[in-house]
Amino acid sequence: MTVAKIKAVAREIRKHVIEMAYNAGGAHIGCSLSVVDVLACLYFNTLNIKPKLPHWKERDYFILSKGHACSALYATLAERGFFSPALLKRYMKNGSPIAGHVTLDSLPGIEATTGSLGHGLSLGTGIALSLKNDNKNSKVYVLVGDGEMEEGSVWEAVMFGGHNKINRLILIIDNNDLQIIGKSTAIMHSHPFEEKLESFGWKTVSINGHNINEIIDACKQTGREKPLAIIAKTIKGKGISFMENKLEWHGKSLTRDDYEKAIGELNKIP
Amino acid sequence: MRFAAIKTIYENALKNKNVYFLTGDLGHFGEKEFAEKIPHQYHNVGIAEQNMVGIAAGLALTGKKIFAYSIVPFVTLRCLEQIKNDVCYQNLDVTLIGVGGGLIYGPYGNTHCSIEDVAVMRALPNMKVVCPANAPETEQIIKQLMKIKGPTYVRIGRGKEPMPATSYTVSFGKGKIINKGTDIVIFSTGTILEEAQKLVQMLTDAGISTELINLHTVKPIDKNLILKKIRTRRAIFTIEEASLIGGLGSAVAEIVSESSKRNLVFKRFGVNDLYLKEIGDQNYLRKKHHLSAETIYPVIIDKIT
Chain Z
1 MTVAKIKAVA
11 REIRKHVIEM
21 AYNAGGAHIG
31 CSLSVVDVLA
41 CLYFNTLNIK
51 PKLPHWKERD
61 YFILSKGHAC
71 SALYATLAER
81 GFFSPALLKR
91 YMKNGSPIAG
101 HVTLDSLPGI
111 EATTGSLGHG
121 LSLGTGIALS
131 LKNDNKNSKV
141 YVLVGDGEME
151 EGSVWEAVMF
161 GGHNKINRLI
171 LIIDNNDLQI
181 IGKSTAIMHS
191 HPFEEKLESF
201 GWKTVSINGH
211 NINEIIDACK
221 QTGREKPLAI
231 IAKTIKGKGI
241 SFMENKLEWH
251 GKSLTRDDYE
261 KAIGELNKIP
Chain L
1 MRFAAIKTIY
11 ENALKNKNVY
21 FLTGDLGHFG
31 EKEFAEKIPH
41 QYHNVGIAEQ
51 NMVGIAAGLA
61 LTGKKIFAYS
71 IVPFVTLRCL
81 EQIKNDVCYQ
91 NLDVTLIGVG
101 GGLIYGPYGN
111 THCSIEDVAV
121 MRALPNMKVV
131 CPANAPETEQ
141 IIKQLMKIKG
151 PTYVRIGRGK
161 EPMPATSYTV
171 SFGKGKIINK
181 GTDIVIFSTG
191 TILEEAQKLV
201 QMLTDAGIST
211 ELINLHTVKP
221 IDKNLILKKI
231 RTRRAIFTIE
241 EASLIGGLGS
251 AVAEIVSESS
261 KRNLVFKRFG
271 VNDLYLKEIG
281 DQNYLRKKHH
291 LSAETIYPVI
301 IDKIT
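Line by line, the protein sequences are chains Z and L. Reminder that position 207 of the first sequence reads as 207 in my numbering, one-by-one numbering, no gaps. Reminder that position 168 of the second sequence reads as 168 in my numbering, one-by-one numbering, no gaps.
For reference, chain L alone in the conformation it holds in the complex (with noise of 0.2 Å):
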């Protein structure tokens, strides 16, 4: 996904002089080529984000379409103030771009790992927030944000995500449905994706019909797609690798609460509101939060059974 990531940006630098790549001292992906060819556009700014993002909105201020890169926490809170005043205050053309969203990072420890920014920065006026599954949703979610203008996280995996058994297409807000069902839906962001759908395969093994939708964007959220799913199925859940305090879930939840829908079974799946004393990698992680598919698939049958 990094590597999709800086691409993207960077065959669209060379078409585009307006187009600038920042980076705390990030990324070992192409950016060598980048940085020889159109030096103009890359610059690293060094281990010193929140001067990265008040430079990409100063050149934003001058018309520049600023693509600004770290690892998630070091680009969304360590400079928090300077996204909300410098960025979404002043409404500019800044995408940060966050490597390592969730838990893939867990081996290094929670400095390193991101389960607070989706909600951070859902929060923020403005701001737009997708997180892509894999690399291809990312390489069209940046290649789509080249025609749209402001403020924009874009959450990203770390480079293991599995590529999708086929090739689909992702349009920036609106949901996309992976697998097609009639009696339930999980919704889910971002590239826990791949355990949302061996989830649905455990699902649809034990004859429950399992619609899997594909919520890239957290932000707008896709909140027609929503109701509709409200008013026609008996069961929605939503999955993200991400707090369960102000998310997806959080996102769908405020849909589902202020409709008028009755007897529906509503559950989020998320990381728990604390720090773990242990680490592990991915997978482990996902286990540790309930966040499996094995982990999941029991508490599903027991709400809808």
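Just chain Z, with the same shape it has in the complex (with noise of 0.2 Å):
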């Protein structure tokens, strides 16, 4: 797919970000929106997939481990083709499945349960070991948030992943530098994650993670001996001005207003 289709499609996942939050009448917004690029190219580029065939063996996988931005992997999912975008109107509604912070088994393509952070590289290492274990080409794909590096149980599988050298396992960071209460840089400064990796074991390259061209090349740079990271620099709220690294709006509920600017400015997107 095109530079410029899978910068449609990320516009597309926005507003369906925008559209799912409004109706849920409160839900993470920013730091969905800071993975949507990310997101975009695993799906339409990177990953070895068949969105009519959820469980085929031969699949890459993706697992979320910041939960709390299920929002922007429903859409993607749901633009990719794993199931109708009409589902994504049932998210946080009473009586559905879909809630939220990723679930397993409640959408197609959904590979593993997260929301409490720290929990998605160790469930990818598994994954991962399996795979290689098994002498399956397969790759797996971890989206962490900047932020959630300050859970211990990270450092524990990035340990694991170098030291044994699970050369298909790749840790992406949605380093967008803002957590709930302010800048992680701030809070716990647990940057800069490059030679913290790097001397874990681990291959690093940073990059734009709203950059289409350096997304795709990134996840291409997967080596033979070393796990793979990519600290990808994110702004939170990114793609809707009023949100752009603005704190509150992390999870905050839209108005009117601020739905109808939303998505105003997303349609000028071409």
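Be aware that a few hints might be false.
[Said to hold, decoys possible] Computed spacing ranges between beta-carbons, pair by pair: (1) Z/T185 to L/D273: 42 to 48 Å; (2) Z/P51 to L/K32: 42 to 48 Å; (3) L/K17 to Z/E58: 17 to 23 Å; (4) Z/W56 to L/K17: 20 to 26 Å; (5) Z/E195 to L/H112: 34 to 40 Å; (6) L/N16 to Z/R224: 28 to 34 Å; (7) L/K32 to Z/I180: 46 to 52 Å; (8) Z/G25 to L/E36: 55 to 61 Å.
Note that these hints are calculated values from the structure, not bench results. Given the structure is predicted, the values throughout are model-derived calculations rather than measurements. For each residue, glycine too, the CB sits at the ideal point set by N, CA and C.
Using the hints, build the complex out of the two chains.
Below, the structure is given as structure tokens:
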């Protein structure tokens, strides 16, 4: 798929995210918007998947460890054809299986339950270990937030992946430098990630997490001996001018005016 | 029991490449051969139990059958949220094996003892809880678990448990009658069975027809068997080397209290809701918690006479 087409898909995913948040009456927005371009690149370029056969045995896996950004994942899966976008209307509604955090078996294409931070990389490591032992070529991509890197369990998995040379494991850090109360670098300085991960035996690539070419290129840089970490610099709330880098849009209810303004901005993108 | 557990897993792993054993750097019982013969199925994940359970769940998501092993507190409470979210919520085929259930690590202090684990594991939806009493029970239960999917917690001892005088078989989920009797019944779980057997001998010698039932499977509990005993016996007692809050005694009490039987004598024996300031070996601590046959006997006599 061309860069222009991926950008157009990303625009549609962002529109779904805004609509889902508005319909839900309050959901995680800014953190979902920051991962949209990475998800669009993964699902429309990188991942070897068959949307109509979600359990295809030779597939690549993706785990959204920052499970609160699930609206972006649900929207991406819908756009990719795993299920009808009409299902997105059930997001966070009474009686629906589609929760405000990623839940296994709630929708086709979801590989693991996440929501509590610091779980996804271990889950992905287990999947990658299984694939490696079974001599499969599939890869496992795990997306974590930069704030999530404060969880100790992430570093247990980082240690294991480097030590055991889990070469088909790819960690993507959504590095938007904002967590709930403030800037990640001010609250708990877990950055810089590059030197730390390299000292644990990982290869690292640092990119602009909204540049389609850079994301696609980084995802190809898996090696034979090391797991790969992609540190993707992103903007929380990316794509909506009044949400970008605004702390309060981590999870705030949209008014009708907010909603119309946001959709209007997205509609102006070619 | 440790040797029986690891040996049984190894023998099954040799036959089935989907059976994996993970250890948080614990175990010195045949794992060298395991690691050398089938290295893909044996992984020492280091001293990192949260990651061990997460990896176990990830492996299970691809269809593997996982046994994850460490000392009880580290394979239960240390990684509790991984057990809840990754294993139980996703309902995956992961068995946690906790070595040193109860007070056996007493000389090492309360960090290594485990009195809370049965209650906590029992509270998790989808989780099954089994407390074998000795090595043969451990072997049989693990063999049976090879054909049973889903989250399971197996709480074993540390190796000094006596072998049964005569061999018997146990079935997952079904209580095992160890001693027949018609007047009162004692339900026991786990390695404290040896103490319960001494107690039964003392009661029998005193002319009280005492039935001893081994409820190795605490969840799902053998409700039909318990209801039958509620109907036909005049007194029920439970014995466990775990907290009085939430374990076997609580499970039986829940059934007793919801039954229509009146005038039933019922009492639980377990570890008191406290951390002792003094240490001691298993026998010493059983006495301190009033869990030895000698300390329980007069309480039962008092309750039924």
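Against the structure, the hints come out as follows:
no. : hint                         : in the structure
1   : Z/T185 to L/D273: 42 to 48 Å : 45 Å, holds
2   : Z/P51 to L/K32: 42 to 48 Å   : 46 Å, holds
3   : L/K17 to Z/E58: 17 to 23 Å   : 18 Å, holds
4   : Z/W56 to L/K17: 20 to 26 Å   : 21 Å, holds
5   : Z/E195 to L/H112: 34 to 40 Å : 37 Å, holds
6   : L/N16 to Z/R224: 28 to 34 Å  : 30 Å, holds
7   : L/K32 to Z/I180: 46 to 52 Å  : 47 Å, holds
8   : Z/G25 to L/E36: 55 to 61 Å   : 58 Å, holds
Hint compliance for this structure: every hint is met.
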